[in-house]
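Peer 1: Chain residues, written in single-letter form:
There are 4 protein chains.
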Amino acid sequence: MKIGLVGLGKMGMNLGLNMMDHGHQVTAYDVSPDAVERFRSAGGEGASSVEALVKSLETPRIVWLMVPQGKIVDNLLDQLEPLLQRDDIVIEAGNSHYKDSLRRAQRLSASGLHYFDVGTSGGMEGARHGACYMIGGDKETFQRIEPLFKDTAVPNGYLYTGPSGSGHYSKMVHNGIEYGMMAAIGEGFEILEKSQFDYDYEALAKVWSNGSVIRGWLMELTQSAFSKDPKLSEIRGVMHSSGEGKWTVEEALDLQAAAPIIALSLMMRYRSTEDDTFTGKVVAALRNEFGGHAVDKA
Amino acid sequence: MKIGLVGLGKMGMNLGLNMMDHGHQVTAYDVSPDAVERFRSAGGEGASSVEALVKSLETPRIVWLMVPQGKIVDNLLDQLEPLLQRDDIVIEAGNSHYKDSLRRAQRLSASGLHYFDVGTSGGMEGARHGACYMIGGDKETFQRIEPLFKDTAVPNGYLYTGPSGSGHYSKMVHNGIEYGMMAAIGEGFEILEKSQFDYDYEALAKVWSNGSVIRGWLMELTQSAFSKDPKLSEIRGVMHSSGEGKWTVEEALDLQAAAPIIALSLMMRYRSTEDDTFTGKVVAALRNEFGGHAVDKA
Amino acid sequence: MKIGLVGLGKMGMNLGLNMMDHGHQVTAYDVSPDAVERFRSAGGEGASSVEALVKSLETPRIVWLMVPQGKIVDNLLDQLEPLLQRDDIVIEAGNSHYKDSLRRAQRLSASGLHYFDVGTSGGMEGARHGACYMIGGDKETFQRIEPLFKDTAVPNGYLYTGPSGSGHYSKMVHNGIEYGMMAAIGEGFEILEKSQFDYDYEALAKVWSNGSVIRGWLMELTQSAFSKDPKLSEIRGVMHSSGEGKWTVEEALDLQAAAPIIALSLMMRYRSTEDDTFTGKVVAALRNEFGGHAVDKA
Amino acid sequence: MKIGLVGLGKMGMNLGLNMMDHGHQVTAYDVSPDAVERFRSAGGEGASSVEALVKSLETPRIVWLMVPQGKIVDNLLDQLEPLLQRDDIVIEAGNSHYKDSLRRAQRLSASGLHYFDVGTSGGMEGARHGACYMIGGDKETFQRIEPLFKDTAVPNGYLYTGPSGSGHYSKMVHNGIEYGMMAAIGEGFEILEKSQFDYDYEALAKVWSNGSVIRGWLMELTQSAFSKDPKLSEIRGVMHSSGEGKWTVEEALDLQAAAPIIALSLMMRYRSTEDDTFTGKVVAALRNEFGGHAVDKA
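Each protein sequence line maps, in turn, to chains D, P, C and X.
Take the first sequence: its position 203, counting from 1, is numbered 203 in my numbering, and each next residue is one higher.
Take the second sequence: its position 88, counting from 1, is numbered 386 in my numbering, and each next residue is one higher.
Take the third sequence: its position 295, counting from 1, is numbered 891 in my numbering, and each next residue is one higher.
Take the fourth sequence: its position 156, counting from 1, is numbered 1050 in my numbering, and each next residue is one higher.
Chain D extracted, bound-state conformation (with noise of 0.2 Å):
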């Protein structure tokens, strides 16, 4: 197929390449000419705007987003709605809020065109060699750019989800999930890291990742982390957060669900951050209040 790719970052840089693997014809475009020159010289074409990009395509056209979510989305959007034809299909493939692509579903159908927002995971390493989607949309228009899908991901890594916002909507639990998985196996490594023994993480992971309850790709991150420094002695804990987490947080909280799990896993990241809390101060200030006991000067 024929695919304008907007966006060259990590994420869309290796797409591509895993597009054009499979034979498929990808123009690309960048606010950096860098990286439209870089993918050039990748074998793929590079176009110099946004307008270039949509003429470069036949119609109907798919025109792939891979940027950043927020206000850069829409602003592609605004750019891309006039340059666009009835029938033309937008995949938003980032990381954009449900209720956003919910919204930009309902504005572009009103000039005829398809959007699709899709979650995407499997990290820089699946974007090269095999994705996972999560897809919502206009199901029949699906079918016309499924290939596209089966192509770049693992097999079996893509699913149909269900109309405008599943996929984002799914893609966000799925990342509110990874967030709760990843605080449980920190936690496991900080208990062993205090006990009583000696362990070799790296070996520990490694073995966790063959046949054990808790194997996966997180485990096997895990390992590979080790490998590279067997105590994480560079690294500090701060565990920076990016969106999805928040949201699935939030949208617990107004589905009145209960996810603990998943909700201290964020609140732990926040913590992270921070050298010192508010929280602390006050209950060890009521500590010297009502007992005497001796506090931490600043």
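Incorrect hints may have been included.
In silico DMTMM-like pairs for lysine to aspartate or glutamate, Cα to Cα no more than 20 Å straight-line [stated by the list, open to error]: (1) K194/D / D1148/X; (2) K695/C / D674/C; (3) K99/D / E250/D; (4) K746/C / D498/P; (5) K194/D / E1144/X; (6) K1088/X / D674/C; (7) K437/P / D674/C.
Think of the hints as simulated: they come from the structure by calculation, not from any bench.
Once you've looked at the hints, dock chains P, C and X against the given chain D.
Peer 2: Here is chains P, C and X on its own, set in the frame of chain D:
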């Protein structure tokens, strides 16, 4: 009444003075001769040894232990048991584990001694001017010592809670609740501190101490703490703990009781004692592995 | 002072009577003519419409809204704005979201009206005999209405908290703390109830209300509740919630503040409204899958 | 090798067959003669008593215990110790507490016996066709029995973890991680189930098993569970637990390690075993006390 008091730390000294304020005769012993001397200066009688202390009392004797929990209590009982005689009373009013109290009560009853496990709340201030007691032990014998509690407690501030162990058990749970309450207060101010508003925390804690749903002694102490250090900038938010919170959570686990608030308030204390965590390192390393997300260098 | 009171529900009626006790003249309106009639019987003046209420006041007018948060407030402001004139004052003392209050204050200021967002604590009893107020709005104008708060609050029970929004914001956080405190108390009794001891809960809550570290109004209410139903056997442990707890957690998320105690106390409320959970089904199914562990049949 | 296997439950039977598949000679004993008979029918040798089992082996003997943790293990060791002789090996591959394993290893070493504490993961399927082992004990002796683990594990599925206790300790932590992961997965589906979308859970678990970040055996088992019961409507969400999760949390407490995810996943299991909670009753009663909020009648 005539009481032998063992232990003249922060709590014991205050309680001894409190007893004397109400006309009781107190002979006190402490491992520190200085403390005994200070007690003498304050009008009490001092004993230079446990033996001397016991000798100074009339049968049936009342010995009140106000010492740190653990081995110290057992060692004192080792000393006291041969010195005391049938029908003497030992009151242990520290923060012992209820299982220790159960064991000790059983041990002493074999010698015909009466053992009372007493949870004492209200802090140093309460010890001096009106404490709160939860008292476990033999109900009939309790009546003999009830005046002692009645006199040194605030009005309605003492309760016979049931058989041996029930005093310290309820004090343990009291402290578990205290952990949760303090954490809730701390988190509230944490949110205020991060908010767009610029509150006067002392004033806010004061208004919350007057008429609000969350009014109570802890809020008054919060006010007091902020009155001394408006942003608590002089202290670090390190929340130490001394056992009862942990015991409460362990008890919850043994009872298969869900107590997430108390458990988390304890775990956040542990978290506060660390500059960095292994959990955090593992999660940060995993984010880097699958998504190429940057890590903070150690 | 002369006040127009809109809303004669549980809180509004009590506050109106409280104001009159202190010599203020109150004209009240409620959508229920019965409520207005009851207010008249109690010595107040009634108005049959918002328009009539506004007409009964002298400029600069003071209108006090005591209605459920949400659309109702906005609808009332729609009605009030054209009836009021420059320098009139609107006090909104319900449980509104602070962002709504910020928006409303801005809206009314365009017409030269003064808007105060007031968090009211202390329950029905407080409303009647001495409330606790957190008051946001213009500081100078506040002085004009300060007597109203001073008279109807307990001593030291009102605070000017800062600019618009700060009143409801601090009330929101107050309720977040309240959620955590209540959960901590609940968990304490949960542990006691499962323990080997047989406590008299009313007596225990009473002694904890007198001299203990955890004494306060919530503990007194705990005593009161147990005095009516010693084992709370007549009620189900379904913990409903009405918004502020959720807002506090959402705010914590927006501020990237770790507030696990408040978050969990909310989520356990959600959990309590369900007989069974999908989470539980998935975990039970997984245990069966890997370990052959028996599941409970639905 | 020639092995004496004690215990032919779900795990033991499968492991015995697994050993034989790889050419080991297994004599098995179980308290149930039926189980022994079934093992004989499957081609193994049966023993009618522990004594007979020991006699069937050649020195230095290898006895593999695959029985429920607790007293049963101690009772077996009581029987075995006098029957075994210096340099014989006892492998205990059940889910014992690591402190029991430490104690037992010490006990047997006094008789010159070698004790290995082995955590076995992978469920029944793993036991039959390729398990995952974490093995604690004497390193040199381990080499004598390594082939047994190598043959019955998946490739790379066994690890000598260190001295006595380290095998069961790491298995304990493995299970703690498992608790957290399962809870995270459960919560994800809880949110999906309450959402506005209508997902095919089997399909979603399948796509998440192929290429996603959260792929792994637990997700494959989730898919399997949904394939049998698409909405899990036939089971109740009661999450039983069998010890290791609790031990992990207790260990975290002893180490003063913050492990909120694992702790909460355990506590939510406890919560799931109850229809109602006393915590909930207290909170509901308090809401009624201060705010007049209606309670649900029992």
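Peer 1: Taking the hints in turn, state whether each one holds.
Peer 2: Hints versus structure:
{"no.": "1", "hint": "K194/D / D1148/X", "result": "10 Å, holds"}
{"no.": "2", "hint": "K695/C / D674/C", "result": "18 Å, holds"}
{"no.": "3", "hint": "K99/D / E250/D", "result": "12 Å, holds"}
{"no.": "4", "hint": "K746/C / D498/P", "result": "19 Å, holds"}
{"no.": "5", "hint": "K194/D / E1144/X", "result": "13 Å, holds"}
{"no.": "6", "hint": "K1088/X / D674/C", "result": "36 Å, violated"}
{"no.": "7", "hint": "K437/P / D674/C", "result": "67 Å, violated"}
Of the numbered hints given earlier, the model fails hints 6, 7; all others are met.
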